[in-house]
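Asks: Below, each chain spelled out in residue letters.
2 protein chains.
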Amino acid sequence: MVDTAQRSTAPKKTLGSTKPAVDTGPVMVAGHPGSPTVNVAALNRQLLGTWADVRVRARELTARPELHRIEGQSMEEHRVRVLAQLKILADNGHVHRAFPVDLGGSDDNGGNIAGFEELVTADPSLQIKAGVQWGLFGGAVLHLGTKRHHDAYLPGIMSLEVPGVFAMTETGHGSDVASIGTTATYDPDAQEFVINTPFRAAWKDYLGNAAKDGVAAVLFAQLISQGVNHGVHAFWVQLRDENGDFLPGIGGEDDGLKGGLNGIDNGRLHFDQLRIPRTNLLNRYGDVAEDGSYSSAISSPGRRFFTMLGTLVQGRVSLDGAAAQASAMALTIAITYGSERRQFTAGNDTDEEVILDYQRHQRRLLPRLATTYAQTFAHDQFLVKFDQVFSGKADTDDDRQDLETLAAALKPLSTWHALDTLQEAREACGGAGFLAENRLVGLRADLDVYATFEGDNNVLLQLVAKRLLTDYSRKFAHAGTGALARYVVAQAADRAYHGSGLRTLAQTVADFGSTARSVGALRETNVQRELLTDRVETMIGEIAAELRPAGKLPAKAAAALFNAHQDALIEAARSHGELLQWEAFTQAVESTQDEGTKQVLTWLRDLFGLGLVEKNLAWYLINGRLSAQRAQSVTAYIDRIIARLRPHALDLVDAFGYRQEHLRSNIASGAEKERQDEARAYYREQRASGQAPAAEKAPKKK
Amino acid sequence: MVDTAQRSTAPKKTLGSTKPAVDTGPVMVAGHPGSPTVNVAALNRQLLGTWADVRVRARELTARPELHRIEGQSMEEHRVRVLAQLKILADNGHVHRAFPVDLGGSDDNGGNIAGFEELVTADPSLQIKAGVQWGLFGGAVLHLGTKRHHDAYLPGIMSLEVPGVFAMTETGHGSDVASIGTTATYDPDAQEFVINTPFRAAWKDYLGNAAKDGVAAVLFAQLISQGVNHGVHAFWVQLRDENGDFLPGIGGEDDGLKGGLNGIDNGRLHFDQLRIPRTNLLNRYGDVAEDGSYSSAISSPGRRFFTMLGTLVQGRVSLDGAAAQASAMALTIAITYGSERRQFTAGNDTDEEVILDYQRHQRRLLPRLATTYAQTFAHDQFLVKFDQVFSGKADTDDDRQDLETLAAALKPLSTWHALDTLQEAREACGGAGFLAENRLVGLRADLDVYATFEGDNNVLLQLVAKRLLTDYSRKFAHAGTGALARYVVAQAADRAYHGSGLRTLAQTVADFGSTARSVGALRETNVQRELLTDRVETMIGEIAAELRPAGKLPAKAAAALFNAHQDALIEAARSHGELLQWEAFTQAVESTQDEGTKQVLTWLRDLFGLGLVEKNLAWYLINGRLSAQRAQSVTAYIDRIIARLRPHALDLVDAFGYRQEHLRSNIASGAEKERQDEARAYYREQRASGQAPAAEKAPKKK
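Chain order of the listed sequences is A and Z. Residue numbering for the first sequence is 0 to 701, as defined by numbering that gives the first Met the number 0. Residue numbering for the second sequence is 0 to 701, as defined by numbering that gives the first Met the number 0.
Hints may be right or wrong, so weigh each one.
One copy or two, it doesn't matter: identical chains are merged, so the pair holds either way.
[As the list claims (entries may be wrong)] Taking lysine-lysine pairs in the BS3-like style, the calculated list, with each CA pair at most 27 Å apart, reads:
| # | residue 1 | residue 2 |
| --- | --- | --- |
| 1 | K597 | K696 |
| 2 | K146 | K551 |
| 3 | K392 | K211 |
| 4 | K146 | K555 |
| 5 | K597 | K465 |
| 6 | K86 | K614 |
| 7 | K474 | K597 |
| 8 | K551 | K696 |
| 9 | K696 | K211 |
| 10 | K146 | K597 |
| 11 | K696 | K465 |
| 12 | K551 | K384 |
No lab work stands behind these hints: they were computed from the structure.
Generate coordinates for the entire structure from the input sequences, incorporating the hints supplied.
Replies: See below:
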């Protein structure tokens, strides 16, 4: 037996260490002559981003066992535990950064989200329940209410004295919030709003805190006064009495067990002619006077609606960051295990091969690592933008629209990527990956709903596409329809002519038909930028041209024309989001100081960028952007980059900076290495002693 | 309120009905003039396949509430329930078809698997625990043991008097079974085998029935006698006494909570010099005499090993079928819900659009429906092959190898597809899809491990690739290396020449550069076959040429060369599996009698085939199989097929024949349609009465 007692109790990952804490064994030749070295501590700091200090402090908090998920708890036990954990967060002040200074907060929007995102490592249920309480419920009071609401409600919200519900979604309306059925009809005689649920589909649904803990709610309803519907507004509604029973006029039920996040008591609410005071309207963007007359500083109902909803963008911001963290945890677990686990001898006499040395295993994990890096860097820029808008530093209409578009572009990509990565990591760890003790299945189950809540991913990408179309049409607005049509025609003719060659790139890159030369070109930052940018612009340009007749069609026919391009639009939006990530990654590479780290990050960025080109290779070929020969070299070059990155894989996940207290994954604890070492020592000793049984001789071949 | 009481209790899906039980509403114009009609009853029978009667009877069984999963049970409760359900199956005889007639079975291998697969609708835990007991544990006694073992053990196994463990996998060895560490050393003095676990990595792990219920085990260990290791053999080992306590020399622990399948008590076992009688060796393929001399009818240790493992192929067969069923259930739920759910008005004045009428929604669900059909038809052929081999009707070495290859090609594709489809279905149902009451999340959690147990999907595909390489090299064996080299060179030259045109298809299809003409060609069965077949053959041919030097290299260098092509090999194997599915689908279409059904199935098959071409479009372009113009028409044509299939979507899922007792999904019960109807009626009445509040007037545009 190898003495492994000392290793087994020590946490494996050490934050800020410049060397991986794991013995990487003979195949991990990161330091062989000519190979660059990653400065793990510096890279860790870079990955932590603008609010690195907040994150480091948050990770001390999330390392505390009392905040951790206990796998296997019943839904009821889990709910009780998470509510108690919320009290720890409230007492600690961790969740108060975004609230006003005069109420005990620190007006720090970016830092607040950074700290909030880190909670995902403790328990995604804790994160999302905290998000419901302080982000959605508290955020709605803060952003949609006025001073009287702040003074009356925020202290109780911040302290968790008043757990609350963000009652927006209904059974019948999720993505289309403008069409919710709940009504708030003003009664001037009583100076009250009458809240009513007209039919079953208008029940509020999927609401965190609604099944059990919610004492009050910010309720969204159609505001009707003097016979006019002024659209969706938010109201403060008391839900339960001191005993936790619904007040008269309110009913509800439990959503019950879910695919994950079962520490949160999601539920349904319905209202039967419930009366609330006029002043319960959160009236920052619209108000009703005692006589029932409506007023708003924003005259357009549509713009008012989007302004109100826009204040809630922080949910999407934080999901983007949390999803990137979940991907990073999954890859830390799978790459650590893959660097220790051995299976099949692969040409060796005795020793089995480390599974991360198999090409397929690398192909499964390293491109996902590249994407996770891209998303981490993109998220930090996104968070800076969010902070600028919400702090008022840069808060024009354009800034808010850009922030919305960023949110709609990035949140879908990172949440889908997290699910994909958690699943691939789980499969890459085999049966061990399926055990709850190794965390991957639980994280995946919890993260699942991130793809559809706070904006369904497909719906969000469609919003991005519409914004791209608008920008595109503005670009050509001065040229008139004639010029646009000419532009599109010219483009098509150009493509037909250069059908087997290059179009846009013809000016910047010469294709000599040599694979080596092609590979060199694809490695250039400007070539990647051109390829990725051109694709988005061309796709949007083509769709815009095809949608052009819609303006002259009846509404139904125009909708049908739009619908016939919906899939292409969403694909274009996705490519736009990927381009944003690539740009963020490239900026991060450019700002990296350490030369060795910069080299490895450049490879990783190339892997991300060329991975996007490979994924859409048919498009580049069909549209004449890449010749067949050059296209073929993309995959060959990706294989080469992956082989180059392999020795740095552990450094690259160690740089995420998670400790075993965050990972809490048995297979990432060094236990697998202990087992492998013990088994290898056993066979080594047996061979040395001459006690090994002989292998049965195979019969001679005929 | 609309009176919906009657509908809400009636099961939605009616087996054998030629009309969908759901009112399809005005957009579902399946019967519009010129549109074909699907004969749902006949198609249902066709999908049920060769053992349709067994499946129909099994579905009566799986409709029984006492066999159903209760969502939200604790692991302990779930385990108790599933064990009790196993007793129902044993008493019912449902699981005895594969056992010998003289022991109360019916020697019906195909029917046994068909019936077993259907259990997935009741609870995947029930299915897999039944599979452990009667498929793996019982199957090992049946196939690896001899008469004395059959007589002694099979009755107790069949009746569940002796719940058992299939103890093959170890913590340290999953895919590489040949390298397990557990030893069974023969002691001629005592005429006993000594079972021993030499180190922690050799603990048996992930074993169903091991944590709690297993009384005995079929244990796999290295058989060592007279100083020679004869490789992995199976032994009968008693594990626990009447009190459920481990016998002396045996230890173990619980694997605890898993990502799914928590009705099964997976656990670990280890052995400390445990002595068992010599006759406990399951000695069909290898025996040890009293004096310790070893004998086997199969002289090659390698072939013996694969023969022994080959008897256990039924696990892969049944997972392939169960996965196809899970996909079918997911699509039945999502397409039913998508046909009732409405969101956004999309150009209508008042009525919201049914979400399945959105192009993106169709693109998400209908190609997956086509793949599920292909997998269902391919599975039936696979099951027929299995039945022929195991009944001895066609049981040559080649047959067994073909069966192994089929299993290794199909099981990965269908299990991955099930996970992908369950997830897409879950997201397509939004928040409702995340509730346990709608089944999708639970099924996905349970099916997760299907991708890595009974053969890791990536490892299986690599086996397929090796078989394809072997077949390929045999094909050219007579030609010698010279001819092969010339072949490869000729191929490369050909590609360079026809780089922007067609190669193989040049003979069969003229490309006139017209999109219409191209679309017509792609629709032809022979063109699809040619495109799909050519890809597999070319990929394998190219890899074979690149691997050719391996024969002359040292083992380590040869392994490195192979490893550098591992990813490409696995992709080729996947394409081979997809081709098999396409062929099975095509045969099914050809054997369809009803003309309307045949037309719709042809579209669905085209969607599957062209979807494969679209997925690999870059390959077809790079290799000159499709021109850029023709390639572009692939996506356009897929869009057209999807629009054509849309009106038949409900018929196509109804043809799977699941009733609400099988689906048990609230959102597929008609409840959503009730809610939508009620809401629409409310607004209709409000408009008719003149009581609707007016919309706030938008301000005039500047």
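Asks: Look at each hint and say if it fits the structure.
Replies: Evaluation of the provided hints:
1. Proximity of K597 and K696 under a CA criterion of 27 Å is satisfied in neither setting, with 54 Å inside one chain copy and 57 Å between copies.
2. Taking the shortest alpha-carbon separations for K146 and K551, neither the intra-copy value of 47 Å nor the inter-copy value of 82 Å comes in at or below 27 Å.
3. Taking identical chains as interchangeable, the C-alpha atoms of K392 and K211 are never at most 27 Å apart, the minima being 39 Å within one chain and 62 Å between chains.
4. Taking the shortest Cα distances, K146 and K555 never come within 27 Å of each other, neither inside one copy (45 Å) nor across copies (74 Å).
5. Proximity of K597 to K465 under the C-alpha cut-off of 27 Å is found in neither arrangement, the shortest distances being 37 Å within a copy and 40 Å between copies.
6. Taking CA atoms no more than 27 Å apart as the test, K86 paired with K614 passes in neither setting, with 46 Å inside one copy and 50 Å between copies.
7. Taking CA atoms no more than 27 Å apart as the test, K474 paired with K597 passes in neither setting, with 36 Å inside one copy and 49 Å between copies.
8. For a Cα distance limit of 27 Å, the shortest separation of K551 from K696 across copies, 24 Å, qualifies, whereas the shortest one inside one copy, 83 Å, does not.
9. Neither within a single protomer nor between protomers do K696 and K211 lie at most 27 Å apart by alpha-carbon distance, with minima of 69 Å and 40 Å respectively.
10. Taking the shortest alpha-carbon separations for K146 and K597, neither the intra-copy value of 49 Å nor the inter-copy value of 68 Å comes in at or below 27 Å.
11. For the homomeric pair K696 and K465, the shortest alpha-carbon distance between copies (24 Å) is at most 27 Å, but the shortest distance inside one copy (70 Å) is not.
12. In the homo-oligomer, the alpha carbons of K551 and K384 never lie at most 27 Å apart, since the shortest distance is 38 Å inside one protomer and 59 Å across protomers.
In summary, the numbered hints that this structure violates are 1, 2, 3, 4, 5, 6, 7, 9, 10 and 12.
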